[in-house]
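Hey, can you work out the whole structure from these sequences and the hints?
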Amino acid sequence: MKYYITLVLILFFVFDGSLNAQSVGKMYKTGEKFKVGGQWESAIDQYTQALVLKPEFQKAYISRAACYVETGALEKALIDYNKLKALNANVEDYCYAAANVCYKLKKHDESLSFLELLRDVSKQKYEVFTLMGRVFMAQERYSDALDAVSVAMSVEDHALHHFINGKAYENLNNDELAEKEYYIAIQKDPSDVETLTSLVKLLLRTQKYTDAMINSNKLLDIDRRNAGAFVLRAKVYVGQMEYGKAINDMSSALMLDSENKELFFQRGVYYQDFTQHQNAINDFTKAIMLDAEYVHAFYKRAYSFEQIANYEKAIEDYCVINKLSEYDGKAQELLAKANDRLYELNRESNKPQIVVADPASINGNTVPIAKDKKEVNISGVVIDESDIQSIQVNSVDVPFEKSGKNAEFSAKINIDGIDSFSVIAKDVYNNEKEMHYHIERTEINLPVVKLLSPYASDNNEVFLDKESPSLYLEGSVSDESLINSIFIDGVTASYKVDELNPKFVATIDIANKSKFSVSVTDVYGNQTVQTFDINREGISISENNPMGKTWAIFIENSDYTSFPSLDGPARDVDLMRSALSGYDIHNILHKRNLSKQELERFFAIELRDIVRGNNIKSVLIWYAGHGKFVNEMGYWIPIDANRDDEFSYFSINNLKASLQSYNDLLSHTLVVSDACESGPTFYQAMRGNVEERNCGDWEATKLKSSQVFTSAGYELAIDNSQFTKTFANMLANNPDACIPIESIVKKVTEVVSQNNSQEPKFGKIAGLSDEDGTFFFINKE
1 MKYYITLVLI LFFVFDGSLN AQSVGKMYKT GEKFKVGGQW ESAIDQYTQA LVLKPEFQKA
61 YISRAACYVE TGALEKALID YNKLKALNAN VEDYCYAAAN VCYKLKKHDE SLSFLELLRD
121 VSKQKYEVFT LMGRVFMAQE RYSDALDAVS VAMSVEDHAL HHFINGKAYE NLNNDELAEK
181 EYYIAIQKDP SDVETLTSLV KLLLRTQKYT DAMINSNKLL DIDRRNAGAF VLRAKVYVGQ
241 MEYGKAINDM SSALMLDSEN KELFFQRGVY YQDFTQHQNA INDFTKAIML DAEYVHAFYK
301 RAYSFEQIAN YEKAIEDYCV INKLSEYDGK AQELLAKAND RLYELNRESN KPQIVVADPA
361 SINGNTVPIA KDKKEVNISG VVIDESDIQS IQVNSVDVPF EKSGKNAEFS AKINIDGIDS
421 FSVIAKDVYN NEKEMHYHIE RTEINLPVVK LLSPYASDNN EVFLDKESPS LYLEGSVSDE
481 SLINSIFIDG VTASYKVDEL NPKFVATIDI ANKSKFSVSV TDVYGNQTVQ TFDINREGIS
541 ISENNPMGKT WAIFIENSDY TSFPSLDGPA RDVDLMRSAL SGYDIHNILH KRNLSKQELE
601 RFFAIELRDI VRGNNIKSVL IWYAGHGKFV NEMGYWIPID ANRDDEFSYF SINNLKASLQ
661 SYNDLLSHTL VVSDACESGP TFYQAMRGNV EERNCGDWEA TKLKSSQVFT SAGYELAIDN
721 SQFTKTFANM LANNPDACIP IESIVKKVTE VVSQNNSQEP KFGKIAGLSD EDGTFFFINK
781 E
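Under full-length UniProt numbering, residues 1 to 781 are what the sequence shown spells out, in order.
Hint data in this document are derived by calculation from the structure and do not stem from the laboratory. Remember, it's a predicted structure, so these values are computed and weren't measured experimentally. By construction, the Cβ of each residue, glycine as well, lies at the ideal position given by its N, Cα and C atoms. The reader is advised that the hints may include incorrect statements.
[As the list claims (entries may be wrong)] Cross-link-like lysine-lysine pairs, in silico, DSS-like; alpha carbons within 30 angstroms at most:
| # | residue 1 | residue 2 |
| --- | --- | --- |
| 1 | K123 | K35 |
| 2 | K261 | K323 |
| 3 | K704 | K725 |
| 4 | K764 | K780 |
| 5 | K596 | K761 |
| 6 | K450 | K351 |
| 7 | K59 | K107 |
| 8 | K433 | K351 |
| 9 | K313 | K261 |
| 10 | K780 | K591 |
| 11 | K433 | K450 |
| 12 | K76 | K123 |
| 13 | K746 | K656 |
| 14 | K29 | K85 |
| 15 | K180 | K125 |
| 16 | K76 | K29 |
[As the list claims (entries may be wrong)] Quick list of the computed label-pair ranges, beta carbon to beta carbon:
| # | residue 1 | residue 2 | range |
| --- | --- | --- | --- |
| 17 | N615 | S478 | 21 to 27 angstroms |
| 18 | K33 | R119 | 31 to 37 angstroms |
| 19 | S191 | K33 | 34 to 40 angstroms |
| 20 | K245 | N430 | 48 to 54 angstroms |
| 21 | N322 | S410 | 34 to 40 angstroms |
| 22 | S349 | N322 | 19 to 25 angstroms |
| 23 | N445 | S494 | 22 to 28 angstroms |
| 24 | V355 | Q660 | 23 to 29 angstroms |
| 25 | K323 | E440 | 40 to 46 angstroms |
| 26 | N310 | T528 | 54 to 60 angstroms |
| 27 | A360 | N414 | 43 to 49 angstroms |
| 28 | N414 | S478 | 31 to 37 angstroms |
Now the structure itself:
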């Protein structure tokens, strides 16, 4: 049984091998047919299939490599030739072709290695040594090339050999033998363009212009459409100083090759040499249009521009060379020459101009500097037609940066104990300018910012009563000097720049913002940056509040100079502010320790502007501090008042007079005076019986009211106000939607009267309009 199985397997493999051999042969033959028919890709496919089945098939490698050469796939061909070398194939079958492929790929050492394998094969000696000569020429081994060609010529003397000899001798600086070899080559092959071209170039170099002309004409006789032949003859004409004919030949070359930048450039050079500079400029321009980085064309065109006195255009071209030289090696070769020409073309005798920008000069040579400065940064610009060579401040070189034709500089100098400094600028032509600057010491006080609308509290808090993505601001600035800039969150505010203490306006974006900053800088660099917090609590206050927009103003005077200082006012104001937090109060303004002048200014001007600018309808004015009643006149005591000087007190009459000036803007005014030792303040304004009102009484809220509630207040020994405590408790514990002032007055009067011999007084304010309305405290919903 085993015998039969073995026999079957042997027969199978013998039969399969026979089938493979037949397939390989068939594929190879098919490939050969495609090769004869010039169907290179199809032939390559057949050879490749054959080699898959028979990887050692040498003929398939030879034929496939030949097809690769025909398709330009020289690297693939070389792979096949190296495979043949590894298979120890017959060198005569592939080595010459392999060496030729290596020569075309410029792999000259590999080419020679293949040729060495054929050195002793006499049948191919002519081809081998001819190719070897060309390889040696490519390697610049000119003597070896001559030897190799000599061996080839011993087999067959051909024009190509003399051409190679001519090139070799020319490179060995033997022009006489080179010329001789070229002539022999031409004698053997008169139509060889390459040899004729090399001969004409040699004759041009050796200045044999007559012979060069004869042979360049032969080139044109062979082919009148040979642009290179016209170029060569043009060079011969130039050698003979016949520029007109040379230009004509260049024009003929351009008719055959109109997109050749070198031809336009060369004709431009001939025009330039022929002193036809405008024609030269035209040709250089065409060359540049074909190549925007053609450095030599820019250089030559610049020279022609100079010759026709168009120095501006010449400078532009030299500047282009400067830019191109950074990246282009050819441009760098011309850079030094271009710079020399630029230097001379730009030469001028004007002195630089010096401008000190910071600190800004006054009247040209005076600079303002804050009087506390010991060092200052001087920056400015030097303006000149030429490049700047150096800048000195107080005889010390300072760095500078070019900005166009200008030079910007900056230097920190010591000015302690000096009243002037100097700046010296010198350009590359040694034109020099020196400027002396006088230092004027200036004030150093910071500008003071005040926000008028919307009004800002003492702690820089701005209360909004409606939601809006933008906010219109009005304010004022106080400063000894003019204001240089006002910015609000980067927005430039509008103000009169030539006005001291100007007012400003601006509209800013406040969407998603909790604060904004006002930055003010005066002309001397003194800067104030003030940040204001945005309080939106007032937005939630009901628009149906019958009292309208309501503000509470607390005047807290505690720290006196001549009167005893008080601790109670601060505690009481805090107590009242806490009690009012549950009511519809749009803004609380807390003023502390006001002098007489500040009290007068606040009630006469500031409060008026606040009421007007913020559309306030109801105002609660609460005073906590010392009071006096002298000669039937009530007073609030400013912190700077003198105990024995009645004139230094703040008169209630002055308060009423101030309130009268803007009382028509208010619907409800309530003054609460919790002043110790105040006596019967506002007595003339009192009314007897107190009638309680209710929230449903529309007349009470719609009709105007001007009311006062006053107390003898503080006992100095205790410094504690039952008046304020009861007032705050009534507010804090009120369960109703609102509480009228009458309810509070009734309770406060009852409690205070029990504990104090002086009874609080409540009534209308004499001299102010009152329509029998009243003041309600409206609970927040």
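For each hint, the structure was consulted:
| no. | hint | result |
| --- | --- | --- |
| 1 | K123 with K35 | 26 angstroms, holds |
| 2 | K261 with K323 | 21 angstroms, holds |
| 3 | K704 with K725 | 28 angstroms, holds |
| 4 | K764 with K780 | 27 angstroms, holds |
| 5 | K596 with K761 | 25 angstroms, holds |
| 6 | K450 with K351 | 49 angstroms, violated |
| 7 | K59 with K107 | 24 angstroms, holds |
| 8 | K433 with K351 | 6 angstroms, holds |
| 9 | K313 with K261 | 21 angstroms, holds |
| 10 | K780 with K591 | 25 angstroms, holds |
| 11 | K433 with K450 | 46 angstroms, violated |
| 12 | K76 with K123 | 27 angstroms, holds |
| 13 | K746 with K656 | 25 angstroms, holds |
| 14 | K29 with K85 | 23 angstroms, holds |
| 15 | K180 with K125 | 25 angstroms, holds |
| 16 | K76 with K29 | 21 angstroms, holds |
| 17 | N615 with S478: 21 to 27 angstroms | 26 angstroms, holds |
| 18 | K33 with R119: 31 to 37 angstroms | 35 angstroms, holds |
| 19 | S191 with K33: 34 to 40 angstroms | 36 angstroms, holds |
| 20 | K245 with N430: 48 to 54 angstroms | 50 angstroms, holds |
| 21 | N322 with S410: 34 to 40 angstroms | 26 angstroms, violated |
| 22 | S349 with N322: 19 to 25 angstroms | 24 angstroms, holds |
| 23 | N445 with S494: 22 to 28 angstroms | 24 angstroms, holds |
| 24 | V355 with Q660: 23 to 29 angstroms | 58 angstroms, violated |
| 25 | K323 with E440: 40 to 46 angstroms | 45 angstroms, holds |
| 26 | N310 with T528: 54 to 60 angstroms | 57 angstroms, holds |
| 27 | A360 with N414: 43 to 49 angstroms | 21 angstroms, violated |
| 28 | N414 with S478: 31 to 37 angstroms | 33 angstroms, holds |
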